[in-house]
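Trainee: Sequence:
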Amino acid sequence: MLYRIVIFLIFTAVGYLLGIKERLIYQGIMWGAGIGLIALIIDYIFSIVGFGTVIGGLLGLSVGLLFAKLIYFPLISIFTNIDGKYMTLVFNVLFGYSGLLLGLRVGKDFTISNLAKAFKSRIEDGHETVIDTSVIIDGRIVEVCETGFFEGSFIIPQFILQELQHIADSSDSLRRARGR
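The numbering used here puts the first residue of the sequence shown at 53, with every later residue one more than the last.
One thing to keep in mind: the hints can contain errors.
Stated by the list, open to error - Restraint-style ranges between C-beta atoms, simulated for each label pair: (1) 141 with 101: 24 to 32 angstroms; (2) 121 with 95: 29 to 37 angstroms; (3) 66 with 131: 29 to 37 angstroms; (4) 195 with 140: 45 to 53 angstroms; (5) 218 with 197: 19 to 27 angstroms; (6) 197 with 57: 50 to 58 angstroms; (7) 204 with 139: 48 to 56 angstroms.
To be verified - Calculated cross-link-like contacts (lysine to any residue; reagent style SDA-like; alpha-carbon spacing at most 20 angstroms): (8) 160 with 106; (9) 121 with 131; (10) 121 with 142; (11) 121 with 110.
Just so you know, the hints here were simulated from the structure itself, not pulled from any lab data.
Because the structure is a prediction, the values reported are computed rather than measured.
The beta carbon of each residue, even a glycine, is placed where N, CA and C say it ideally should be.
All chains should be built: construct the whole structure from the sequences, respecting the hints.
Mentor: And the structure:
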């Protein structure tokens, strides 16, 4: 709580100093206090809602407003008899709010570690697993991969692929079925 008071006082002091420079002391204090109050409100929202939700909401709102503009401009050229001010307002509110809601829902799962995983290449991890013929023929590797037990990439050497092709081309129907 003490740091919030200090932050508010710092913003107010900066507003005062800028107001002295421009000979508008009271306006500077008011602007500094107002911006400090906005910073405290943002800090409070981040502490209650969470960083990921706020970022998701802002990104969703931005994408929604972008879609509103992308749809508005072609439609306004087709329907020239409609007043553009109200159409802009309707599209911005509709798409902006929809994007905000979608971003808030998606943003709940957003964490810094998930972001790092999204931008991290699997090969950079260094977790490479060499797959043998028996593992591929067994078929359980698919279920194990779906659980997320293995990370990184799989390496299947060329001779393993040739062996699988040889098994798939076998005259024995049971071996042929396992190889496929």
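Trainee: All the hints need checking, so say for each whether the structure fits it.
Mentor: Structure-based check of each hint:
Here the CB-CB span from residue 141 to residue 101 is close to 27 angstroms, well matched to the stated 24 to 32 angstroms. The hinted range of 29 to 37 angstroms is satisfied by residue 121 and residue 95, whose Cβ atoms lie roughly 31 angstroms apart. Look at residue 66 against residue 131: about 49 angstroms separates their beta carbons, and that is not inside 29 to 37 angstroms. Between residue 195 and residue 140, the C-beta spacing of about 52 angstroms keeps the proposed range 45 to 53 angstroms intact.
Taking the beta carbon of each, residue 218 and residue 197 are about 25 angstroms apart, inside 19 to 27 angstroms as hinted. Range check, residue 197 to residue 57: about 53 angstroms between beta-carbon atoms, so the 50 to 58 angstroms window is met. Between residue 204 and residue 139, the C-beta spacing of about 51 angstroms keeps the proposed range 48 to 56 angstroms intact. Distance check on the hinted pair: residue 160 and residue 106 sit about 9 angstroms apart at the alpha-carbon level, within 20 angstroms; holds.
Our distance criterion of 20 angstroms between C-alpha atoms is met by residue 121 and residue 131, whose separation comes to about 15 angstroms. As the CA atoms of residue 121 and residue 142 are separated by approximately 11 angstroms, the hinted pair is consistent with the 20 angstroms bound. Proposed proximity of residue 121 and residue 110 is supported: the alpha carbons are some 17 angstroms apart, at most 20 angstroms.
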